[in-house]
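Novice: Protein sequences appear in the order of chains A and B. Letter 157 of the first sequence, counting from 1, is numbered 157 in the UniProt record's numbering, and no numbers are missing. Letter 193 of the second sequence, counting from 1, is numbered 193 in the UniProt record's numbering, and no numbers are missing.
Think of the hints as simulated: they come from the structure by calculation, not from any bench. Here the structure is a predicted model, which means the values were calculated and not measured. Treat the hints with care, since some could be wrong.
[What the hints assert, rightly or not] Now the in silico label distances, taken between C-beta atoms and shown as ranges: (1) B:L230 - A:K366: 44 to 50 Å; (2) A:R307 - B:A150: 45 to 51 Å; (3) B:K232 - A:Q339: 50 to 56 Å.
All C-beta atoms, glycine included, are put in the ideal place defined by N, C-alpha and C.
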Amino acid sequence: MFKAKFYHSLRYSGFSPLSAGLLSFFHGIAWLVLRLESPAWQRVLANSARWYPHISNRPPRLGDPIRYVIQSLWLLVVLPISPRVRQAQWSKRLSLLGQARAWLSQKITNATRPWQGEELPPIADVLNKTSKTLRPFAMAIFGVFTTALVILCITEPFDFEAQLVFVFLLWGLALLIRDIPGRFAMVLLVMLSLIVSSRYLWWRYTGTLNWNDSLDLVCGLTLLAAESYAWLILLLGYVQTIWPLKRQPQPLPRDLTLWPSVDVMIPTYNEDLAVVRNTVYAALGLDWPEDKLNIYILDDGRRDIFRQFAAEVGVGYIIRPDNRHAKAGNLNYALTQTQGTLVAIFDCDHIPARSFLQLTTGWFLKDDRLALVQTPHTFYSPDPFERNLNTFHSEPNEGELFYGLVQDGNDLWNATFFCGSCAVLRRAAINDIGGFAVETVTEDAHTALRLHRRGWHSAYLRIPLAAGLATESLSAHIGQRIRWARGMVQILRTDNPLFGRGLNLFQRLCYANAMLHFLAGIPRLIFLTAPLAFLLLHAYIIYAPASLILIYVLPHMIHSSLANARIQGPFRKSFQGEVYETVLAWYIAWPTTLALLNPKKGRFNVTVKGGLMEHDQFDWRISTPYFILAGLNFLGLGFAIWRLMYGPEDEMLTVIVSSLWVIYNLLIIGSAVAVAAEVRQVRLSPRVNTGLAAALRLESGHLYPATLTDYSDQGAGIQAQLPLVLLPDTKVTLVLWRSGRAFTFPALVRRHQGHFLGLSLDSLSHEQRTDFVRCTFERADAWLNKQEQFSGDQPLQHFWDMLALGAKGYARLCDHLPRPIKRLLYLVVDLPRWLYSFCPRIPRFSAKDTSLSSSLHPLAPSAGSVSSS
Amino acid sequence: MKSLTLRGLRGGVGCTTLIAALGYALHQLRQRVLLLDLCPENMLGLHLNLPWSAAEGWAQADKQQSPWQEAAWCLSQDLWILPYGRLSYAEQQPIAQSLNQQLEHWPERLASLSSHFDWVLIDQKTAEPLSLVACDLEIRVAHADPACHALLQSSLPPDMPLLVNNFDPIRKLQRDIWLLWQQTRPELVPLLIHADEAVPESLACKAPVGHHAPQSLAAKNVASLAAWCLSKE
Numbered sequence: 001m002f003k004a005k006f007y008h009s010l011r012y013s014g015f016s017p018l019s020a021g022l023l024s025f026f027h028g029i030a031w032l033v034l035r036l037e038s039p040a041w042q043r044v045l046a047n048s049a050r051w052y053p054h055i056s057n058r059p060p061r062l063g064d065p066i067r068y069v070i071q072s073l074w075l076l077v078v079l080p081i082s083p084r085v086r087q088a089q090w091s092k093r094l095s096l097l098g099q100a101r102a103w104l105s106q107k108i109t110n111a112t113r114p115w116q117g118e119e120l121p122p123i124a125d126v127l128n129k130t131s132k133t134l135r136p137f138a139m140a141i142f143g144v145f146t147t148a149l150v151i152l153c154i155t156e157p158f159d160f161e162a163q164l165v166f167v168f169l170l171w172g173l174a175l176l177i178r179d180i181p182g183r184f185a186m187v188l189l190v191m192l193s194l195i196v197s198s199r200y201l202w203w204r205y206t207g208t209l210n211w212n213d214s215l216d217l218v219c220g221l222t223l224l225a226a227e228s229y230a231w232l233i234l235l236l237g238y239v240q241t242i243w244p245l246k247r248q249p250q251p252l253p254r255d256l257t258l259w260p261s262v263d264v265m266i267p268t269y270n271e272d273l274a275v276v277r278n279t280v281y282a283a284l285g286l287d288w289p290e291d292k293l294n295i296y297i298l299d300d301g302r303r304d305i306f307r308q309f310a311a312e313v314g315v316g317y318i319i320r321p322d323n324r325h326a327k328a329g330n331l332n333y334a335l336t337q338t339q340g341t342l343v344a345i346f347d348c349d350h351i352p353a354r355s356f357l358q359l360t361t362g363w364f365l366k367d368d369r370l371a372l373v374q375t376p377h378t379f380y381s382p383d384p385f386e387r388n389l390n391t392f393h394s395e396p397n398e399g400e401l402f403y404g405l406v407q408d409g410n411d412l413w414n415a416t417f418f419c420g421s422c423a424v425l426r427r428a429a430i431n432d433i434g435g436f437a438v439e440t441v442t443e444d445a446h447t448a449l450r451l452h453r454r455g456w457h458s459a460y461l462r463i464p465l466a467a468g469l470a471t472e473s474l475s476a477h478i479g480q481r482i483r484w485a486r487g488m489v490q491i492l493r494t495d496n497p498l499f500g501r502g503l504n505l506f507q508r509l510c511y512a513n514a515m516l517h518f519l520a521g522i523p524r525l526i527f528l529t530a531p532l533a534f535l536l537l538h539a540y541i542i543y544a545p546a547s548l549i550l551i552y553v554l555p556h557m558i559h560s561s562l563a564n565a566r567i568q569g570p571f572r573k574s575f576q577g578e579v580y581e582t583v584l585a586w587y588i589a590w591p592t593t594l595a596l597l598n599p600k601k602g603r604f605n606v607t608v609k610g611g612l613m614e615h616d617q618f619d620w621r622i623s624t625p626y627f628i629l630a631g632l633n634f635l636g637l638g639f640a641i642w643r644l645m646y647g648p649e650d651e652m653l654t655v656i657v658s659s660l661w662v663i664y665n666l667l668i669i670g671s672a673v674a675v676a677a678e679v680r681q682v683r684l685s686p687r688v689n690t691g692l693a694a695a696l697r698l699e700s701g702h703l704y705p706a707t708l709t710d711y712s713d714q715g716a717g718i719q720a721q722l723p724l725v726l727l728p729d730t731k732v733t734l735v736l737w738r739s740g741r742a743f744t745f746p747a748l749v750r751r752h753q754g755h756f757l758g759l760s761l762d763s764l765s766h767e768q769r770t771d772f773v774r775c776t777f778e779r780a781d782a783w784l785n786k787q788e789q790f791s792g793d794q795p796l797q798h799f800w801d802m803l804a805l806g807a808k809g810y811a812r813l814c815d816h817l818p819r820p821i822k823r824l825l826y827l828v829v830d831l832p833r834w835l836y837s838f839c840p841r842i843p844r845f846s847a848k849d850t851s852l853s854s855s856l857h858p859l860a861p862s863a864g865s866v867s868s869s
Numbered sequence: 001m002k003s004l005t006l007r008g009l010r011g012g013v014g015c016t017t018l019i020a021a022l023g024y025a026l027h028q029l030r031q032r033v034l035l036l037d038l039c040p041e042n043m044l045g046l047h048l049n050l051p052w053s054a055a056e057g058w059a060q061a062d063k064q065q066s067p068w069q070e071a072a073w074c075l076s077q078d079l080w081i082l083p084y085g086r087l088s089y090a091e092q093q094p095i096a097q098s099l100n101q102q103l104e105h106w107p108e109r110l111a112s113l114s115s116h117f118d119w120v121l122i123d124q125k126t127a128e129p130l131s132l133v134a135c136d137l138e139i140r141v142a143h144a145d146p147a148c149h150a151l152l153q154s155s156l157p158p159d160m161p162l163l164v165n166n167f168d169p170i171r172k173l174q175r176d177i178w179l180l181w182q183q184t185r186p187e188l189v190p191l192l193i194h195a196d197e198a199v200p201e202s203l204a205c206k207a208p209v210g211h212h213a214p215q216s217l218a219a220k221n222v223a224s225l226a227a228w229c230l231s232k233e
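Kindly produce the complete structure, drawing on both the sequences and the hints.
Specialist: This is how it looks when you write it as structure tokens:
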């Protein structure tokens with residue numbers, strides 16, 4: 001009877017009669033032989049999820065009896081002895097090692113306490129204390145001595161052993177000082193990295209080129225050029241980011257009449273009104289004297305619906321006779337139609353927080369020559385990288401490094417540049433340079449360059465005060481980057497920041513880095529194919545023994561990632577840049593080269609935002625170049641095997657090193673492929689996650705406290721404290737508070753699941769929409785949570801993460817392949833997986849969950865005397 | 001022991017209901033609470049599940065010259081209520097007179113209980129110009145409506161905390177008056193009791209709102225009020 005029930009339940013869950021019969025048979029045998037009804041066995045069965053974690057939490061499978069036997073044997077025989085002993089030994093060794101390390105780092109930290117501040121260490125004090133006449137001499141001697149030492153470190157040729165000792169010494173030093181907090185240790189790490197990298201490059205130039213073979217030479221020089229470029233970018237990057245200014249807002253005077261008048265300009269071309277609307281509502285709610293704030297929609301699309309909307313909400317609407325010079329032209333025309341002292345510019349999807357103007361304008365009053373205050377661009381929707389890799393809000397995104405660190409570092413050198421949106425500019429300064437620059441497709445950076453050339457100042461405030469929509473697809477994202485790359489290279493050609501009047505050295509370097517950065521395409525492609533030159537063509541690109549290559553190139557990589565992890569820690573995951581660069585490399589290589597040759601060519605293409613993707617899809621078109629690169633590298637791997645088997649004995653190490661490089665390249669390419677597997681985007685208006693207090697008022701008059709978990713301009717997600725049963729299309733009222741005031745918004749229930757409700761806010765009036773934007777998007781702290789600190793400083797962990805991502809890319813590719821190929825590949829993948837399913841697992845030990853009993857007691861009055869209570 | 005009373009700016013602002021709810025909320029915060037009803041309507045007990053037919057109360061005990069302490073009801077451990085009791089209109093008069101004449105009468109009685117309770121919450125008639133029993137914490141209760149706004153201009157010591165009850169966020173006038181009071185009334189208690197249907201419903205079920213509908217917004221508001229009261233110590 002019992003067995004029959006088991007059999008039927010198996011049949012019901014889709015087993016064939018034969019498998020179900022077999023399983024039932026084993027089931028019966030187990031009950032016959034093992035006395036499963038006894039208390040001891042029942043305890044085991046009750047905890048089966050713990051002892052048999054890989055079997056008990058899923059529907060039964062045919063091999064389960066064998067898995068149970070293997071796991072039981074393992075639990076009984078192997079587990080009790082080996083891990084405990086081994087663990088004890090290991091933990092003892094590890095704890096000793098850890099203790100030694102902790103002790104050492106504690107000692108060092110204590111000894112270097114004076115050097116741990118944000119300012120430079122006491123050495124500078126010693127120099128300052130020397131008398132004025134002596135100081136230049138002291139500085140000069142000091143400078144000459146250190147320069148000589150650095151040159152010696154870089155150029156001194158070492159044999160293998162000496163280089164090995166040198167490398168290990170520097171590496172050990174770096175590992176010791178990376179634990180010391182403060183700026184001094186960081187500068188030291190950067191110096192070490194520069195010395196090691198320069199030494200590597202010097203060695204490459206002087207000792208690794210084969211001048212006797214033209215193929216070797218051509219391939220070697222190509223690689224060397226790419227490496228020189230990488231070295232230059234590394235150097236400029238250090239200059240740019242070593243000392244972020246961390247500027248604070250300047251308070252405004254108490255007297256409101258001293259506050260400057262501001263024109264808020266919202267240029268738009270083809271974006272939806274739904275996108276622009278929120279920005280306008282938010283602009284209307286900016287905390288600024290009403291008579292000193294004018295808002296304008298600059299509509300290059302000349303749409304009636306926009307004109308109508310502007311009239312309804314009472315903002316200015318400016319159109320121009322022609323559409324020349326795209327956004328820059330649009331802004332220039334608007335400048336002629338308006339009069340405000342300051343101009344705040346928001347892309348039409350960037351929603352400012354109410355405090356935007358109060359926090360940014362103070363510096364304009366303090367500094368008469370200040371032309372620009374830029375704030376970070378943040379995005380409340382995931383960009384294609386974040387969406388496809390599922391890292392939104394959990395890992396820093398691409399812009400984080402630029403807006404978190406690079407711009408802040410630029411600010412120290414008065415070289416922060418305009419990014420086209422979320423910025424305030426001084427009208428007089430723009431007029432001084434004859435309006436926004438129109439010659440290139442990146443008018444923003446070019447305008448800033450001109451401002452700096454004319455001696456105007458810029459400032460950067462690293463507080464996210466506005467947020468917008470990220471590009472919704474990878475192709476659009478790449479399109480945008482192509483535009484930026486082309487524009488920056490155009491500036492490099494037409495108005496090179498390294499030459500011309502008006503800039504100081506560091507401004508030149510910062511601008512040069514920003515522009516050179518976009519030339520990374522071709523060097524990246526060279527790195528991705530370089531080992532193939534040896535494996536396929538047998539060209540010695542680095543004409544040196546493999547072991548020597550290793551002890552030169554590995555320190556170069558290790559030190560730069562140590563230094564970068566220290567500088568960029570919270571703003572970027574190490575090696576993440578590799579993935580971004582690889583995705584873009586192919587696509588920016590050609591336009592940048594073209595722009596370098598002929599800067600006049602190239603159009604302004606508008607970045608499309610605010611779209612949705614209905615299905616998961618794989619962007620085959622975008623990823624074609626990566627398939628070609630991957631194919632080449634796989635071919636290289638094949639050649640490597642062939643060379644290992646039939647090649648000369650003395651080349652073995654070189655082949656192995658090249659193969660490792662190829663595998664690394666394959667994994668990076670794989671991560672680029674992973675990005676191309678687009679995850680669908682279901683909502684037209686992306687939701688912003690939050691945790692605001694709210695309340696829900698039902699038609700019946702009941703009010704329930706709730707949390708606003710997410711919102712968009714069209715809807716809101718609510719988490720109630722108890723499961724409310726509300727049918728779809730029930731009318732409710734959403735109550736939100738802002739600075740002690742309550743606001744109510746009529747809403748319709750769309751979805752309902754347990755504690756969670758999805759509301760739609762379709763029927764709001766203009767006034768209510770403004771209120772809603774003020775309660776949500778526009779709160780002064782609305783975008784601050786974007787600044788969650790990410791744990792940085794774990795280069796090794798990030799390295800493995802990136803390799804894992806690469807592998808995932810190929811797995812995802814399999815998911816999107818045509819069915820027959822997919823079947824075949826799955827067979828390859830599934831066999832090991834099937835075998836692994838038989839492997840014993842470590843049992844799960846979880847804390848027991850305790851449930852809180854309700855503390856409610858019924859009120860049961862009973863007569864009594866109070867004084868005796 | 002601290003004594004607390006709520007005084008409506010006018011009648012019908014919900015003091016009795018609020019006292020019952022507040023007493024329950026304080027008890028939830030592990031306070032020892034005595035609720036004392038000085039109103040001849042004898043409504044407080046109804047909020048706390050006393051039977052309507054129960055005629056016992058301190059007033060009746062006084063009339064019969066029996067110990068007033070024994071008219072109390074224990075609702076739960078450390079939550080007690082001392083109702084007025086049911087008296088005819090004629091019987092109420094001498095009690096009211098003695099209340100008015102012997103102002104120290106109740107404070108003395110309460111002092112004898114001070115070791116047993118942390119809080120005594122007193123429900124007394126709104127219309128009297130001064131409290132019959134002076135309390136450590138007296139809170140004026142108002143609706144955010146024009147009548148209360150007018151009454152506020154003339155009445156009572158201005159530093160007495162002012163609490164808005166029955167606030168309906170949907171009504172624009174109420175929102176505006178709340179905003180006005182926020183800007184002009186420093187004594188405003190920085191929290192609201194919202195107009196929640198759960199409040200009258202809980203009276204229909206003869207329970208304080210925190211007991212009948214603990215998840216409702218009004219119950220949460222009263223819990224916040226209780227915490228605010230504790231912070232005033």
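Novice: Indicate, hint by hint, whether the structure satisfies it.
Specialist: Outcome of the hint check:
1. B:L230 - A:K366: 44 to 50 Å: holds, 46 Å
2. A:R307 - B:A150: 45 to 51 Å: holds, 47 Å
3. B:K232 - A:Q339: 50 to 56 Å: holds, 54 Å
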